[in-house]
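Everything in the sequence shown is counted per this note's numbering, starting at 16 for the first residue and increasing by one.
The set of hints was computed from the structure by calculation and includes no laboratory data.
A portion of the hints provided could be inaccurate.
[What the hints assert, rightly or not] Cut-off 35 Å, straight-line C-alpha distance, at most; resulting in silico cross-link-like pairs (DSBU-like, lysine-lysine):
1) K234 with K58
2) K45 with K58
3) K234 with K171
4) K171 with K235
5) K65 with K168
6) K168 with K234
7) K65 with K45
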Amino acid sequence: MSVPGTLYLIPVALGGNDVTSVLSPALLAKLPGLRHFVAENLKSARQFLKAAGYPHPLPSAEFQILNEHTTPAELPRLLAPLLAGRDCGLVSEAGCPAVADPGAALVRLAHERGIRVVPLVGPSAILLALMASGMNGQRFTFHGYLPISAEEKNIKIQELERITRQADATQIFIETPYRNQALLQTLLEVCRPATLLCLATDITLASETIRTLPVAQWKKTPPEINRRPTVFLLYRGTN
16 MSVPGTLYLI PVALGGNDVT SVLSPALLAK LPGLRHFVAE NLKSARQFLK
66 AAGYPHPLPS AEFQILNEHT TPAELPRLLA PLLAGRDCGL VSEAGCPAVA
116 DPGAALVRLA HERGIRVVPL VGPSAILLAL MASGMNGQRF TFHGYLPISA
166 EEKNIKIQEL ERITRQADAT QIFIETPYRN QALLQTLLEV CRPATLLCLA
216 TDITLASETI RTLPVAQWKK TPPEINRRPT VFLLYRGTN
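Start from the sequences, fold in the hints, and give me the full structure.
Structure below.
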């Protein structure tokens with residue numbers, strides 16, 4: 016029986032910047048040794064490998080797709096190269112695999128099957144935003160997407176704002192970029208004036224802006240963040 020290969024978790028640059036400026040040399044050095052990849056999107060995975068200087072012809076690399084449509088019954092098939100003794104890379108669409116990403120289920124199954132999992136260093140928009148926010152980095156929760164329904168969204172925002180005061184914990188969430196402006200407007204309408212709101216937009220790109228202000232100040236000059244990837248963070252105000 017073959018010794019299982021290693022599943023490498025490969026972060027991807029967060030935007031159209033030079034991958035060598037945001038990815039670690041250790042990650043880039045690992046790519047040439049991999050011929051098998053699990054990716055959320057075939058086209059973007061190939062673009063990433065090309066930008067990262069992957070030395071092999073891309074048609075010679077084997078790609079399997081893991082996205083939101085992949086069923087639990089399909090996951091064992093994705094592990095077949097690893098169980099046959101070959102190393103494999105799990106490639107995120109952007110940022111870190113298995114963090115706000117469908118790769119988590121595959122990683123869990125890899126552990127169940129005795130496959131070694133190695134995370135490689137790379138950018139995470141969630142952690143980079145938290146680092147730069149000035150908010151509590153000891154206690155925080157990432158909620159993913161808030162409810163779409165306006166009523167449910169308002170209730171959720173009020174709940175998160177209450178948690179920031181009661182638990183002294185930063186609350187982090189995201190939105191589909193084309194709905195960013197609407198979410199910002201809702202936050203400004205629902206949150207208390209003193210509540211701190213951080214908008215971390217276009218992280219690692221030349222157009223990056225990360226700023227933390229009380230809601231009352233954001234209301235005076237709300238920024239234009241429509242269709243710009245943004246991480247939202249809430250924290251209790253000082254009064």
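Subject >> Restraint check for K171 with K235, where alpha carbons must lie at most 35 Å apart >> reply: holds, 24 Å
Original post:
Can the restraint linking K168 and K234 be considered satisfied, given a maximum Cα separation of 35 Å?
Top reply: holds, 19 Å
**OP:** Measure nothing beyond the straight line between the CA atoms of K234 and K58; if it is 35 Å or shorter, mark the hint as holding.
**Re:** violated, 40 Å
**OP:** Would you mind confirming whether the straight-line C-alpha gap from K234 to K171 stays at or under 35 Å?
**Re:** holds, 20 Å
**OP:** Take a quick look at whether K45 and K58 sit within 35 Å of each other, Cα to Cα.
**Re:** Roughly 21 Å separates the two Cα atoms, so the pair holds.
**OP:** Mind checking the alpha carbons of K65 and K45 for me, to see if they're no more than 35 Å apart?
**Re:** Status holds; Cα separation ~14 Å.
Subject >> 35 Å limit on alpha-carbon distance, applied to hinted pair K65 and K168 >> reply: The hint is violated at about 40 Å.
Against the hints set out earlier in the document, violations occur for numbers 1 and 5.
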